[in-house]
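Sequences and hints are given; from them, build the entire structure.
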Amino acid sequence: MKKVVVAMSGGVDSSVAAALLKQQGFEVIGMMLRLWSESGKEDSNRCCTPDAMALARRVAGILDIPFYVIDAKGVFKDTVVQYFLDGYARGETPNPCLACNRQIRWRFLLDHALAFGADFMATGHYARVVTDDRGRIQLLRARDRSKDQSYVLHVLNQEKLTKALFPIGDYPKPEIRQIAWSFGLPTASRHDSQDLCFLAGDDYRNFLKRNAAGMFVPGPIVSRSGEVLGKHTGLVNYTIGQRKGLDVPSSVPLYVLGKNVSTNTLVVGEQVELGLRELVAYDVNWVSGEAYNEPFRAEVKIRYTAKETVALVTPLEIGSRVLIRFDTPQRDITAGQAAVFYQGEVLIGGGIIS
Amino acid sequence: MIYLDHAATTPMDKRVLDAMLPYFSDFFGNPSSVHRYGQLAEAAVDSAHEIFASILKCRPDEIVFTSCGSESDNLALRGAALASREKTGANWILTSKTEHPAVSKTVKQLEKYYGFQVKWLDSDKDGLIKADVVEKAIGDKTAIVSVMYANNEIGTVNPIRDIAAICHNHGVLFHTDAVQAAAYLPVDVAELGVDLMSLGGHKFYGPKGIGALYVRKGTPIFPIQTGGGQENGLRAGTQNVPYIVGFAEALRLVDIEREERAAHVKPLRDRLIGSILETIPDSRLTGHMESRLPNHASFAFKGVDGNLLLTFLDGAGFACSSGSACKTGNPEPSEVMYGIGLTREWGLGSLRVTLGVGTNARQIESFLDALPELVVNARKFARN
Chain A
-15 MKKVVVAMSG GVDSSVAAAL LKQQGFEVIG MMLRLWSESG KEDSNRCCTP DAMALARRVA
45 GILDIPFYVI DAKGVFKDTV VQYFLDGYAR GETPNPCLAC NRQIRWRFLL DHALAFGADF
105 MATGHYARVV TDDRGRIQLL RARDRSKDQS YVLHVLNQEK LTKALFPIGD YPKPEIRQIA
165 WSFGLPTASR HDSQDLCFLA GDDYRNFLKR NAAGMFVPGP IVSRSGEVLG KHTGLVNYTI
225 GQRKGLDVPS SVPLYVLGKN VSTNTLVVGE QVELGLRELV AYDVNWVSGE AYNEPFRAEV
285 KIRYTAKETV ALVTPLEIGS RVLIRFDTPQ RDITAGQAAV FYQGEVLIGG GIIS
Chain B
-13 MIYLDHAATT PMDKRVLDAM LPYFSDFFGN PSSVHRYGQL AEAAVDSAHE IFASILKCRP
47 DEIVFTSCGS ESDNLALRGA ALASREKTGA NWILTSKTEH PAVSKTVKQL EKYYGFQVKW
107 LDSDKDGLIK ADVVEKAIGD KTAIVSVMYA NNEIGTVNPI RDIAAICHNH GVLFHTDAVQ
167 AAAYLPVDVA ELGVDLMSLG GHKFYGPKGI GALYVRKGTP IFPIQTGGGQ ENGLRAGTQN
227 VPYIVGFAEA LRLVDIEREE RAAHVKPLRD RLIGSILETI PDSRLTGHME SRLPNHASFA
287 FKGVDGNLLL TFLDGAGFAC SSGSACKTGN PEPSEVMYGI GLTREWGLGS LRVTLGVGTN
347 ARQIESFLDA LPELVVNARK FARN
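Listed in order, the protein sequences are those of chains A and B. In terms of my numbering, the first sequence opens at residue -15 and continues consecutively. In terms of my numbering, the second sequence opens at residue -13 and continues consecutively.
Rather than coming from a laboratory, the hints here were simulated on the basis of the structure. Remember, it's a predicted structure, so these values are computed and weren't measured experimentally. Hints may be right or wrong, so weigh each one.
As the list claims (entries may be wrong) - In silico PhoX-like links for lysine-lysine, alpha-carbon gap of 25 Å or less: (1) K61(A) <-> K366(B); (2) K61(A) <-> K193(A); (3) K91(B) <-> K105(B); (4) K131(A) <-> K147(A); (5) K57(A) <-> K193(A); (6) K61(A) <-> K288(B); (7) K366(B) <-> K147(A); (8) K98(B) <-> K111(B); (9) K98(B) <-> K127(B); (10) K127(B) <-> K57(A); (11) K105(B) <-> K122(B); (12) K252(B) <-> K0(B); (13) K288(B) <-> K366(B); (14) K252(B) <-> K111(B); (15) K127(B) <-> K203(B); (16) K366(B) <-> K57(A); (17) K366(B) <-> K(-13)(A); (18) K127(B) <-> K111(B); (19) K83(B) <-> K116(B); (20) K73(B) <-> K91(B); (21) K144(A) <-> K91(B).
And the structure:
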């Protein structure tokens, strides 16, 4: 019997993942990470709070599987939270879930699962894996496209994919809740949330104010041509494509076009200036393990919630960078987010937008 | 699975279960009732009081049955401290830094909300509370002294007779938490010299959910659970007859078999300690080597997350515990670990292995074979 550690969060997806794997005949072990939270806010985080832990433990009890908690507070703070703070300091809009998947879920937790003797680690991500006829593992979108979470998994390589299972990727989300009900799991009615897990339900700006107050330095708002239009309250308060809160008198709506960290300037412009045709992504991971060296067409997502859009992806000489040229101009191309490229169902790879 | 966590709890002896069963369905009466059903149930409770009295060498009415060792500690501390102060105005409590939370939390509450003052006695590096430390701290305003007989985390056995003598010389009440000790050490209260002594059933093959408190006649004490006057007015609530019967049977058996059980576990425990200290680098024994419970082995491993080690051990089929483990992933070394002078790096890596009547040499060798690699694995995840 193969052993699989299921990464549990106290949510419905990971609990159904555990139930399905047990039904499929695996020896299932539930593990949960104790993540970092600001002191005094342990109960307000979305994920992995004592309440969430009690739920996950109860699910394990109902499914009759062992359950262990691993302390990840230190490593989470040093990698994910620090990544978040560093990204904003550079004028980017970081997606810490990418750092978490890379460093915490698929390194720290995976290492623990393997040290425990597991053959696989499973998560409740909506995604699928299949082995192609060359023995390569392909990462596919979930069957329910509207819930597809393959985007955050673009960091996985062949070595990690041989150890990964995603049992719920084949099911539509409403069916997942039904399955949870049928197993009698208390997570069946638990509400999903999309906020970052360590923000304690707060706005990211308040988190930054508490933990990196030095980032809130006012500076000039300028147009592309350099004309000074007003003052901003700190670059971290704004994100690309943002319209609200600019406080610049104008007859036409103005949008954030970019940030210049070295001059502490916020660049704004009209809607027509927002659209860009190109981006460069670095630290590209190729899921198949082989970098493409010829340009290829793909559907690209420039953030987790974005719709895929057709582009030409051109690998640059340096190997782990690509130039992405979109067929139609894209708004909201934001440095620090990931650009992930698909061909049909298959996730080819992804990198960080520079 | 191999069970090596007897200090946490023990499986119930079949003879105890057999003694209990008739009292669930046949002799189910309320001991306080006038009718025959009540009389039969009361007789069983009286008989249990007598069994305790003959083993503890006290009077039957000096025994109060409670729901657990923790409740006995609560009754002893809160009940006697308040009554003592009422009688004499004594307002100080002396207790050690190595007590079970059922004692220390109760004392902290008495300090915070009931106006008592507390002196927390330091242990030596082996966790031992020396009699002269008590002598230096005791005074005429001391209401009660509480020092545990044997420590659950590190196995150290304290010099109870000497401490009791000091308390008596000063006219101060002495309570000892004997919950862990009773499984292997004599509990003759006359010989020990204690005024109050807590016991718990599930540490010596009795059921969970039953405890007792010895209260020397004449000890000032208030009930903390008030109501119908059961247990000499010291603990209200319809008595848990089958569990009281089971508890008495478990105590009767431990009294008969005490030496045999100790002789069984001690060599296995010594083998465990010797081998682990030899084969595992950066390991140390915690607690006193000689003045120690015969079934108890506890260690500190440098640079190990104790919780993670327990997880690996469980996966490998061995059930143990740790002074720093936390089921919610927020481990901290216990007070006891810091109290014996361990740094956080050592204190987080505590492992407790406690043997019982069902432990055998094959299990110990199996454990010794598996442990070194698991410690190596756990150390891989150490963060600097």
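A quick look at each hint next to the structure:
no.	hint	in the structure
1	K61(A) <-> K366(B)	holds (19 Å)
2	K61(A) <-> K193(A)	holds (17 Å)
3	K91(B) <-> K105(B)	holds (14 Å)
4	K131(A) <-> K147(A)	holds (23 Å)
5	K57(A) <-> K193(A)	holds (21 Å)
6	K61(A) <-> K288(B)	holds (23 Å)
7	K366(B) <-> K147(A)	holds (20 Å)
8	K98(B) <-> K111(B)	violated (29 Å)
9	K98(B) <-> K127(B)	holds (18 Å)
10	K127(B) <-> K57(A)	violated (46 Å)
11	K105(B) <-> K122(B)	holds (11 Å)
12	K252(B) <-> K0(B)	holds (23 Å)
13	K288(B) <-> K366(B)	holds (12 Å)
14	K252(B) <-> K111(B)	holds (23 Å)
15	K127(B) <-> K203(B)	holds (22 Å)
16	K366(B) <-> K57(A)	holds (17 Å)
17	K366(B) <-> K(-13)(A)	holds (21 Å)
18	K127(B) <-> K111(B)	violated (29 Å)
19	K83(B) <-> K116(B)	holds (12 Å)
20	K73(B) <-> K91(B)	holds (24 Å)
21	K144(A) <-> K91(B)	violated (47 Å)
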